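Chemist: Please construct the entire structure, taking both the sequences and the accompanying hints into account.
The chain contents come next:
4 protein chains.
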Amino acid sequence: MSDDPPFLRDADQTRKNILEVALKEFAEYGLAGARVDRIARGTRTTKGMIYYHFGDKDGLYKAVLEKVYPSLRSDEEHLDVRNTDPIEALERIIDFTLDYHEKHEDFVRIVMIENINKGEHLRKTGIDSTVSYRIMMVIADILIRGMVLGLFKREVTPVDLHIFYTSFCFYRVSNHHTVSSVLGINMLSAQSCARHRRMVKDAVIAYLASAD
Amino acid sequence: MSDDPPFLRDADQTRKNILEVALKEFAEYGLAGARVDRIARGTRTTKGMIYYHFGDKDGLYKAVLEKVYPSLRSDEEHLDVRNTDPIEALERIIDFTLDYHEKHEDFVRIVMIENINKGEHLRKTGIDSTVSYRIMMVIADILIRGMVLGLFKREVTPVDLHIFYTSFCFYRVSNHHTVSSVLGINMLSAQSCARHRRMVKDAVIAYLASAD
Amino acid sequence: MSDDPPFLRDADQTRKNILEVALKEFAEYGLAGARVDRIARGTRTTKGMIYYHFGDKDGLYKAVLEKVYPSLRSDEEHLDVRNTDPIEALERIIDFTLDYHEKHEDFVRIVMIENINKGEHLRKTGIDSTVSYRIMMVIADILIRGMVLGLFKREVTPVDLHIFYTSFCFYRVSNHHTVSSVLGINMLSAQSCARHRRMVKDAVIAYLASAD
Amino acid sequence: MSDDPPFLRDADQTRKNILEVALKEFAEYGLAGARVDRIARGTRTTKGMIYYHFGDKDGLYKAVLEKVYPSLRSDEEHLDVRNTDPIEALERIIDFTLDYHEKHEDFVRIVMIENINKGEHLRKTGIDSTVSYRIMMVIADILIRGMVLGLFKREVTPVDLHIFYTSFCFYRVSNHHTVSSVLGINMLSAQSCARHRRMVKDAVIAYLASAD
DNA sequence: GATGAATGAGGCTTCATTCAT
DNA sequence: GATGAATGAAGCCTCATTCAT
Numbered sequence: 002m003s004d005d006p007p008f009l010r011d012a013d014q015t016r017k018n019i020l021e022v023a024l025k026e027f028a029e030y031g032l033a034g035a036r037v038d039r040i041a042r043g044t045r046t047t048k049g050m051i052y053y054h055f056g057d058k059d060g061l062y063k064a065v066l067e068k069v070y071p072s073l074r075s076d077e078e079h080l081d082v083r084n085t086d087p088i089e090a091l092e093r094i095i096d097f098t099l100d101y102h103e104k105h106e107d108f109v110r111i112v113m114i115e116n117i118n119k120g121e122h123l124r125k126t127g128i129d130s131t132v133s134y135r136i137m138m139v140i141a142d143i144l145i146r147g148m149v150l151g152l153f154k155r156e157v158t159p160v161d162l163h164i165f166y167t168s169f170c171f172y173r174v175s176n177h178h179t180v181s182s183v184l185g186i187n188m189l190s191a192q193s194c195a196r197h198r199r200m201v202k203d204a205v206i207a208y209l210a211s212a213d
Numbered sequence: 002m003s004d005d006p007p008f009l010r011d012a013d014q015t016r017k018n019i020l021e022v023a024l025k026e027f028a029e030y031g032l033a034g035a036r037v038d039r040i041a042r043g044t045r046t047t048k049g050m051i052y053y054h055f056g057d058k059d060g061l062y063k064a065v066l067e068k069v070y071p072s073l074r075s076d077e078e079h080l081d082v083r084n085t086d087p088i089e090a091l092e093r094i095i096d097f098t099l100d101y102h103e104k105h106e107d108f109v110r111i112v113m114i115e116n117i118n119k120g121e122h123l124r125k126t127g128i129d130s131t132v133s134y135r136i137m138m139v140i141a142d143i144l145i146r147g148m149v150l151g152l153f154k155r156e157v158t159p160v161d162l163h164i165f166y167t168s169f170c171f172y173r174v175s176n177h178h179t180v181s182s183v184l185g186i187n188m189l190s191a192q193s194c195a196r197h198r199r200m201v202k203d204a205v206i207a208y209l210a211s212a213d
Numbered sequence: 002m003s004d005d006p007p008f009l010r011d012a013d014q015t016r017k018n019i020l021e022v023a024l025k026e027f028a029e030y031g032l033a034g035a036r037v038d039r040i041a042r043g044t045r046t047t048k049g050m051i052y053y054h055f056g057d058k059d060g061l062y063k064a065v066l067e068k069v070y071p072s073l074r075s076d077e078e079h080l081d082v083r084n085t086d087p088i089e090a091l092e093r094i095i096d097f098t099l100d101y102h103e104k105h106e107d108f109v110r111i112v113m114i115e116n117i118n119k120g121e122h123l124r125k126t127g128i129d130s131t132v133s134y135r136i137m138m139v140i141a142d143i144l145i146r147g148m149v150l151g152l153f154k155r156e157v158t159p160v161d162l163h164i165f166y167t168s169f170c171f172y173r174v175s176n177h178h179t180v181s182s183v184l185g186i187n188m189l190s191a192q193s194c195a196r197h198r199r200m201v202k203d204a205v206i207a208y209l210a211s212a213d
Numbered sequence: 002m003s004d005d006p007p008f009l010r011d012a013d014q015t016r017k018n019i020l021e022v023a024l025k026e027f028a029e030y031g032l033a034g035a036r037v038d039r040i041a042r043g044t045r046t047t048k049g050m051i052y053y054h055f056g057d058k059d060g061l062y063k064a065v066l067e068k069v070y071p072s073l074r075s076d077e078e079h080l081d082v083r084n085t086d087p088i089e090a091l092e093r094i095i096d097f098t099l100d101y102h103e104k105h106e107d108f109v110r111i112v113m114i115e116n117i118n119k120g121e122h123l124r125k126t127g128i129d130s131t132v133s134y135r136i137m138m139v140i141a142d143i144l145i146r147g148m149v150l151g152l153f154k155r156e157v158t159p160v161d162l163h164i165f166y167t168s169f170c171f172y173r174v175s176n177h178h179t180v181s182s183v184l185g186i187n188m189l190s191a192q193s194c195a196r197h198r199r200m201v202k203d204a205v206i207a208y209l210a211s212a213d
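Residue numbers (the numbering used here), protein chains in the order written: chain A, 2 to 213; chain B, 2 to 213; chain C, 2 to 213; chain D, 2 to 213.
Don't read these hints as lab results, they were simulated from the structure.
The structure displayed is predicted, hence computed values, not measured ones.
Wrong hints could be hidden among the right ones.
Which chain C residues face chain D? A few, computed with CB under 7 Å, are given here [claimed, not checked]:
| hint | residue |
| --- | --- |
| 1 | Asp13 |
| 2 | Thr15 |
| 3 | Thr47 |
| 4 | Ile117 |
| 5 | Lys119 |
| 6 | Ser175 |
| 7 | Gly185 |
| 8 | Ile186 |
Here are the simulated DSS-like cross-link-like pairs (lysine-lysine), alpha carbons at most 27 Å apart as the crow flies [claimed, not checked]:
| hint | chain 1 | residue 1 | chain 2 | residue 2 |
| --- | --- | --- | --- | --- |
| 9 | D | Lys68 | C | Lys119 |
| 10 | D | Lys68 | C | Lys58 |
| 11 | A | Lys125 | B | Lys25 |
| 12 | D | Lys68 | C | Lys125 |
| 13 | B | Lys58 | A | Lys119 |
| 14 | B | Lys104 | A | Lys119 |
| 15 | B | Lys125 | A | Lys25 |
| 16 | D | Lys119 | C | Lys25 |
| 17 | C | Lys58 | A | Lys58 |
| 18 | C | Lys25 | D | Lys58 |
| 19 | B | Lys119 | A | Lys63 |
| 20 | B | Lys58 | B | Lys17 |
| 21 | A | Lys63 | B | Lys25 |
| 22 | D | Lys154 | C | Lys63 |
| 23 | A | Lys58 | B | Lys154 |
| 24 | B | Lys58 | A | Lys25 |
| 25 | B | Lys48 | C | Lys125 |
| 26 | A | Lys48 | C | Lys125 |
| 27 | A | Lys154 | B | Lys68 |
| 28 | A | Lys119 | B | Lys154 |
| 29 | C | Lys63 | D | Lys68 |
Yeah, the Cβ is synthetic: ideal placement off N, Cα and C, and Gly gets one too.
Modeler: In structure tokens, the structure reads:
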């Protein structure tokens, strides 16, 4: 238990430390608004290390992207709904999605920012639709089971269904500032959250249950 | 003796010209990424005029915000669904919302950007929930009429319902870049658009029609 | 005669001022060794103006190149040897060349530096062999007249002859530091200069006069 | 044991390897433009070793200088013209000089660079005019023998004569980039080389043969 | 001797803003 | 109102050098 050294001598630790701080900075200010100096000041290292490990500001941003996407998907892994009743399963997936977005505003903001960047940096990343393979399979399985049981009548692809409930979960977090101004409602209050949670679930289930 | 001057002499024209260019610039690059120089080059005037008319970069951005929000609402005015069947009325409102977002990516991006800014500039604007008063009244009227006719059974506020379908319409445009990478689907293709249009409408109607 | 203003408000003056200082800096330290900060400090303006007027460091260097080459050639214009005896004419051209290099060490160093850069920047300049057209014509005329008079017997192109005497005039200035170390002679002393001046002239004349 | 290690264990080998790479780097980019990182990457060792063996960047540059000068002179040793006819001897010396410069552009560039540096580093080196002693003696011998035989009439020091033909041989290589732009001639083409080779030799011989 | 990580001063450049005319 | 030139703070990045192991 030696006294905390002023600087790290471990590349992995350094990278991790930088990435954590960078995630916050990019989420807070966007790519253009983020300041490398501010990131460096937030870490236990120096600006030079950022360039040593990540090349340039864009490289750092890309590394943040590469970290943040898989993180969502790996949390999804813990959802195990294979042996659950289809409606219950859907509710749990929607709960998870709503909670994840609400708890990870940083993630939501990074995704917004990347869309402002027109997805250019994400494309340069190795990330592609394979990251979504598992969740798509899970949804497909639920839809099929629901069909077989006669609970669901609607023909819909897992991708479309996923987009549908995700859009709402995302928007609640991404747009809460402007919605607060323009509609005078705090979407992130406990009450709104509870109402909205019921609303998406009910809508999805009613949609699937209704005839084509 | 006015032989068509290369530069504008009319303050209003100048302001309008600057605002148009600024909207594109802010929508393209965000607040931090926008460049006053680039805006000036895009106009028929010079940088000095931007500062003369709008004070500073933030002032210009605020002016863009003040222009873009009312524009959506004034388009909504043309929707006249007072004497329309509630379901048909809802479908027309959702159609309008979906079309408006798809046709005005600039608007969507400005709203995203303002959310990245945590709504700080919008708050400094005169814009508040009164801009949404009319559309809320329209939805309320539809919901009441639907209830009375026994078509709708669900108790839901106009605000929540509006957020629900808008979130999807917004997300389709705002997040199409990242969704394209992560799900491998182009949400803005004609086919996706048609499917999605049906999906929101069906889900909203099924939701309202189903029991609490 | 107002008191010297701290900053210029005249683009041409500013450009000229920057160029003068930049010439000295590049000549002293080379392109890579030159410091934009140091140049700025030497001028009556600020660093920003360098970028405003010249784009970047390379642009400034290119502008220096564009200034320095024509300067040599325009000085050559003052040589009028059309009605002079061929030998006398040649001697005057060599005198001019030797003097020009000795008096303009900056020019010599800039040319050296551009050769270290492999001529990349000069190529991006509008400068080409047309700048040398006049002097080539002058030499051609001398050679022809010398032939006609039976003074010269050697067939040689103006270009080759020009390279021959110029190489010596250039080298005396460009390489005087290393020659001083390695041969222990100061090529720029008055005595060396006098001896060398005689030597080039005599060699050129003897060469032209001797049979092929 | 020793299963061929990827890194050198032999200090001398390491030094030699670094020096070779450094010569190329300095010749390519100059002292200010050279990058220690790039040199290290080019070697079979690491940056630390450069500092271990040569102290600092200047120390490495100095070591390059100390290697490159003696190399020219040691090649000259192979010239044996003591028993050769004076004119033939001179021609062989000029041939050697012209060839050496043409074949060793790196050498030429290092000398240029050191002149850009005003010879400061060469002076800190042990190198002085003794490195030229041998070639001076050879030229002196030729001049004396030519005088005795009545072939040469010109009084000229070996140093001046050496500078005269060397300047041309050096310039052809050192300045070929700018000359190509400004005179539109490729001095390093086979044809130019042949013409120029004859020209220097003829000029030197004509000069020495002609009366004072 | 050897290595990869770390340092920090300083380099080049950008950019919102102001100013003289 | 309008303009081009100017400002200066601050941004991103590089690079010679050092250090712990």
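Chemist: State for each hint whether it applies.
Modeler: Okay, the hints, checked on the actual structure:
For Asp13 of chain C, the suggested interface contact is broken, since its CB lies about 27 Å from the closest CB of chain D, more than 7 Å. Because the beta carbon of Thr15 of chain C sits about 27 Å from the nearest beta carbon in chain D, more than 7 Å, this interface hint is broken. Look at Thr47 of chain C: its Cβ only gets to about 24 Å from chain D, farther than 7 Å, so that hint breaks. Interface restraint check: Ile117 of chain C against chain D, minimum CB-CB distance 5 Å, threshold 7 Å, status holds.
For Lys119 of chain C, the shortest C-beta to C-beta distance to chain D is roughly 5 Å, which falls under 7 Å, so the interface hint holds. Given hint, Ser175 of chain C at the interface with chain D, holds; its Cβ is 6 Å from that chain's nearest Cβ, closer than 7 Å. Look at Gly185 of chain C: its Cβ gets to within about 4 Å of chain D, closer than 7 Å, so that hint holds up. With a least beta-carbon distance of about 6 Å to chain D, the hint placing Ile186 of chain C at the interface is held under the 7 Å criterion.
Distance check on the hinted pair: Lys68 of chain D and Lys119 of chain C sit about 24 Å apart at the alpha-carbon level, within 27 Å; holds. With a C-alpha separation of about 33 Å, the suggested pair Lys68 of chain D and Lys58 of chain C falls outside the 27 Å cut-off, and the hint is violated. For the proposed pair Lys125 of chain A and Lys25 of chain B, the alpha carbon gap of about 25 Å is at most 27 Å, so the pair holds. Pair hint Lys68 of chain D plus Lys125 of chain C does not hold up; C-alpha atoms about 35 Å apart against a cutoff of 27 Å.
Distance hint between Lys58 of chain B and Lys119 of chain A is fulfilled; the C-alpha atoms sit about 23 Å from each other, no more than 27 Å. Restraint check for Lys104 of chain B and Lys119 of chain A: the C-alpha separation of about 17 Å stays at or below 27 Å, so the hint holds. At most 27 Å may separate the alpha-carbon atoms for a hinted pair to count; Lys125 of chain B and Lys25 of chain A meet this at roughly 25 Å. For the suggested pair Lys119 of chain D and Lys25 of chain C, the alpha carbons sit about 14 Å apart, so the restraint of at most 27 Å is met.
A hinted pair counts as satisfied when its Cα atoms are at most 27 Å apart, and Lys58 of chain C with Lys58 of chain A qualifies at roughly 23 Å. Distance hint between Lys25 of chain C and Lys58 of chain D is fulfilled; the C-alpha atoms sit about 25 Å from each other, no more than 27 Å. With a CA separation close to 23 Å, the supplied pair Lys119 of chain B and Lys63 of chain A stays within the 27 Å bound. A C-alpha spacing of about 16 Å is found between Lys58 of chain B and Lys17 of chain B, which places the hinted pair at or below 27 Å, so the restraint holds.
About 26 Å separates the Cα atoms of Lys63 of chain A and Lys25 of chain B, which keeps this hinted pair within 27 Å; it holds. Using a Cα cut-off of 27 Å, the hinted pair Lys154 of chain D and Lys63 of chain C is violated, with the two alpha carbons roughly 48 Å apart. With a C-alpha separation of about 53 Å, the suggested pair Lys58 of chain A and Lys154 of chain B falls outside the 27 Å cut-off, and the hint is violated. A threshold of 27 Å between alpha carbons decides the hint, and for Lys58 of chain B with Lys25 of chain A the separation of about 25 Å falls inside it, so the pair holds.
Straight-line distance between C-alpha atoms of Lys48 of chain B and Lys125 of chain C comes to about 31 Å, which puts the hinted pair past the 27 Å bound. Between Lys48 of chain A and Lys125 of chain C the alpha-carbon distance is near 36 Å, which puts this suggested pair outside the 27 Å criterion. For the suggested pair Lys154 of chain A and Lys68 of chain B, the alpha carbons sit about 45 Å apart, so the restraint of at most 27 Å is broken. Taking the CA atoms of Lys119 of chain A and Lys154 of chain B, the gap is about 41 Å. The hint is violated against a cut of 27 Å.
At most 27 Å may separate the alpha-carbon atoms for a hinted pair to count; Lys63 of chain C and Lys68 of chain D exceed this at roughly 34 Å.
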